[in-house]
Structure formats: structure tokens, C-alpha cells
Amino acid sequence: MSAERGDSMVKPCRYKLSAPSSSANLGPGFDCLGLALEQRNEWEVALVAGSSPGRCRLVENSGGGDLEEIPTNEEHLFFRSWSILHERGFGPDLFRLLREAGLEVELRARNATPISRGLGSSAALRVASAAIYARVTGQSDRPAWELASQLEGHPDNAGAAGLGGLVLGTRDPEGRYRLLCPPIHACWKVAVAVPQFCLHTAGARDALPKDLPLADAVFNMSRLGFLLEGLKTGDADLVRLGGQDRWHQEKRARLVPGLLQVMRAAESAGAATAFLSGAGPTVGAFVDQRRGAEHGQAVAEAMGAAFTEAGVESHVEVMSVDTRGLEVCPN
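Residues 1 to 331 (the numbering used here) are what the sequence shown spells out, left to right.
Source of the hints: derived by calculation from the structure; they are not laboratory data. Among the clues, some could well be false.
What the hints assert, rightly or not - Cβ pair distances, simulated, as ranges:
no.: 1; residue 1: Ala202; residue 2: Arg99; range: 43 to 51 angstroms
no.: 2; residue 1: Ala202; residue 2: Lys232; range: 40 to 48 angstroms
no.: 3; residue 1: Arg290; residue 2: Thr72; range: 41 to 49 angstroms
no.: 4; residue 1: Ala186; residue 2: Thr72; range: 39 to 47 angstroms
no.: 5; residue 1: Pro53; residue 2: Ala310; range: 49 to 57 angstroms
no.: 6; residue 1: Leu77; residue 2: Pro53; range: 20 to 28 angstroms
no.: 7; residue 1: Ile115; residue 2: Arg254; range: 18 to 26 angstroms
no.: 8; residue 1: Glu250; residue 2: Glu309; range: 49 to 57 angstroms
no.: 9; residue 1: Glu327; residue 2: Asp172; range: 23 to 31 angstroms
no.: 10; residue 1: Asp216; residue 2: Glu327; range: 37 to 45 angstroms
no.: 11; residue 1: Arg99; residue 2: Asp211; range: 46 to 54 angstroms
no.: 12; residue 1: Ala186; residue 2: Asp211; range: 37 to 45 angstroms
no.: 13; residue 1: Pro209; residue 2: Glu100; range: 17 to 25 angstroms
no.: 14; residue 1: Arg171; residue 2: Cys329; range: 47 to 55 angstroms
Just so it is clear, CB atoms sit at the ideal spot from N, CA and C, and this is done for glycine as well.
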């Protein structure tokens with residue numbers, strides 16, 4: 001079934017969706033630069049006739065967290081996003097439409113992205129949720145990534161999860177998010193070291209100062225252009241120069257034991273640049289696959305060893321860039 005609405009009635013339907021993990025900021029691009037990573041989350045959403053119209057349930061969950069830790073009712077982020085979109089004026093009350101149609105919602109989730117590790121788990125989920133909301137309610141004037149950006153408050157992870165690849169986002173004077181999709185050379189992969197502890201974005205933001213020295217603002221703005229050019233051309237020297245940051249990474253180092261040492265270890269092992277992925281605690285590093293698969297793995301292992309020296313357990317891997325973004329298939 002692929003129909004969602006009649007004249008005013010939501011109809012039974014089923015969808016399969018997938019969206020990638022992502023890394024935001026990438027050094028100087030705070031709250032505006034994001035990169036999709038080839039680690040995909042999958043969901044199945046079914047609107048079915050039931051005895052409790054309007055009820056929404058997470059009926060299956062694997063990876064990313066246990067059912068005991070994640071709400072299984074309407075408080076789950078996938079469903080709660082629908083309420084927020086309605087409250088902010090982006091469309092009708094989907095829960096009311098479900099009740100009127102006598103339908104329940106069942107969600108099955110297969111999460112590849114670890115939760116609260118700085119790899120865009122909430123953004124991927126919100127992009128998928130927004131896609132269902134737009135299709136079922138008929139609100140198609142805004143793409144799913146933009147609706148998700150409104151929920152996230154910035155477009156870096158949501159844009160990457162929605163479109164894939166590298167994205168650069170901003171908010172226009174009318175309050176709408178806009179994206180550019182700068183090209184990224186096929187040589188780049190990202191080595192990541194993912195600590196075995198959570199770091200919530202709100203707490204990581206509290207670590208940042210409210211004011212920024214002018215010199216630091218100029219430093220980051222000037223570096224961003226060099227980073228984008230290096231990622232486009234495959235020039236490691238430009239990426240190394242452009243990946244520098246004075247805004248947020250050192251300020252968050254106290255929240256991630258060993259952060260600066262891990263970044264230095266990655267660069268000493270040959271990474272073009274290393275960075276805190278989003279709010280952390282994951283650390284990423286750009287590696288040039290033209291130097292061979294062993295190069296990326298060596299960088300990843302150096303990062304893991306540095307975390308171990310700091311007393312932090314982590315797992316490491318080398319990820320490709322995802323170019324698919326959000327995929328939605330009627331089932």
C-alpha cells in the first residue's frame with residue numbers, strides 16, 4: 001500500500017526508510033557543515049487499523065539502545081517530532097488524523113548509529129520522521145531535511161542525513177534553511193574512534209562561551225574555505241590548514257578525556273586533519289584512501305590507542321562518505 005490520504009482521511013500505508021549517520025562541524029564549520037557517513041539506519045513504519053486509534057508504538061528496536069532506555073510510545077522521538085511540527089505550524093495534527101481514521105502506527109527501527117555519540121542519530125531519525133509526516137499529511141512544500149533542521153535548530157546533520165554527501169547550511173531572513181552541496185573528492189574516507197560513553201548535545205553546548213573573540217571568528221571563517229577546497233580537490237595540505245578550529249573543540253576537551261591527544265595521534269599517523277564529530281565524544285579524521293586501506297586503519301588504531309591511554313574505551317573503524325541520503329520506499 002502506498003496511498004496516504006484521501007480527501008481528508010489518512011489511509012493505511014507502509015513505508016521502509018533509511019538514512020545515514022553524519023558528522024557535523026568538521027573543525028571550523030560549527031553548526032553549518034555536515035558530512036553523511038556510510039552507516040545507515042533503517043525504519044519500517046506501518047499505519048494500520050487498530051483498537052486504539054491514534055496510538056503509536058515502537059514495536060521493534062535493534063542497535064543504538066535498549067527498549068528499556070528508549071520510550072516505546074508517543075514520547076519516542078520519531079512520534080514526538082510530529083507533535084512539534086504541528087505546534088510550530090508546519091502542518092496538521094497527525095495524531096488527530098490518525099484517530100479520525102481509526103489507525104495506529106507501528107515503528108520498527110534498526111539503528112546503526114550509536115546514540116549520543118556525535119554521529120547524528122537524532123538527525124537521521126528526525127529526517128525519517130519528517131518524511132513520513134510530510135507524506136501522510138500532504139505537506140510537501142518543505143523537504144524532510146528542512147523540517148528536520150527546524151527540529152534540530154541547525155541544518156548540518158539533518159541536511160547530510162537528508163541529501164547525503166557534504167552539506168553547508170544557513171538560515172535565511174525568512175527563517176527557512178538553505179543548503180549548498182559542495183563536492184567532495186572520492187579519495188576521502190573518515191576514520192572514527194567512538195568512545196563507549198554518551199555526551200548529550202545540550203551539555204556540550206553549555207561548555208561553550210557565549211561570546212567569541214573577533215580574532216577567533218576570523219580564524220574559523222578563513223579556514224572553512226580552505227577546508228572545502230581541499231575536500232573538493234583531494235589536497236591534503238589544504239584540508240590540514242582548513243581543518244583548524246578555535247571555536248569549540250578545545251572548550252569541549254574537558255568533556256571528552258583525551259580529546260586533544262586523540263586528534264594529535266590521528267594527525268601524527270597521517271590523517272589530513274582530525275576533529276570532534278558534532279558535540280562528541282566521537283573523534284573523526286579525514287584519511288586519503290589513495291594511500292591504501294592500511295593507512296586509514298592505522299589512523300583509526302592510533303586514535304583508539306590514544307583514547308585507551310586516556311582511560312577511555314572506544315571502538316574504531318573507517319567509514320566511506322554516504323551519497324544516498326534519505327531513501328523512502330512504499331511497501
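Item to complete: Evaluate the given range 49 to 57 angstroms for the C-beta pair formed by Glu250 and Glu309.
Response: Between Glu250 and Glu309, where Cβ atoms are some 19 angstroms apart, the hint is violated.
Worksheet item: Holds or violated: 37 to 45 angstroms for the Cβ distance of Asp216 and Glu327?
Response: holds (39 angstroms)
Worksheet item: Okay, Leu77 versus Pro53 on CB: inside 20 to 28 angstroms?
Response: holds (22 angstroms)
Discussion item. Verify the CB-CB distance for Arg171 and Cys329 against the hinted window 47 to 55 angstroms.
Written reply: violated (31 angstroms)
Practice prompt. Could you tell me whether the CB distance from Pro209 to Glu100 stays inside 17 to 25 angstroms?
Written response: Given about 49 angstroms between the Cβ atoms, the range is violated.
Worksheet item: Do the Cβ positions of Arg99 and Asp211 conform to the proposed distance bound of 46 to 54 angstroms?
Response: For Asp211 against Arg99, whose Cβ atoms are near 48 angstroms apart, the range 46 to 54 angstroms holds.
Item to complete: Can you let me know if the beta-carbon spacing of Ala202 and Arg99 is within 43 to 51 angstroms?
Response: violated (32 angstroms)
Item to complete: Go ahead and decide if the range 40 to 48 angstroms is satisfied by the Cβ distance of Ala202 to Lys232.
Response: The hint (40 to 48 angstroms, Cβ to Cβ) is violated, given that Ala202 and Lys232 are roughly 33 angstroms apart.
Worksheet item: Are Ile115 and Arg254 spaced within 18 to 26 angstroms by their CB atoms?
Response: holds (22 angstroms)
Discussion item. Taking the Cβ atom of Glu327 and the Cβ atom of Asp172, is their distance within the range 23 to 31 angstroms?
Written reply: Roughly 27 angstroms apart at Cβ, these two residues keep to the hinted range, so it holds.
Discussion item. The hint says 49 to 57 angstroms between Pro53 and Ala310; measuring C-beta to C-beta, is that right?
Written reply: holds (52 angstroms)
Discussion item. Quick check: does the Cβ-Cβ distance between Ala186 and Asp211 fall within 37 to 45 angstroms?
Written reply: This hint holds: roughly 40 angstroms between Cβ atoms.
The structure does not agree with the numbered hints 1, 2, 8, 13 and 14 stated previously, though it agrees with the rest.
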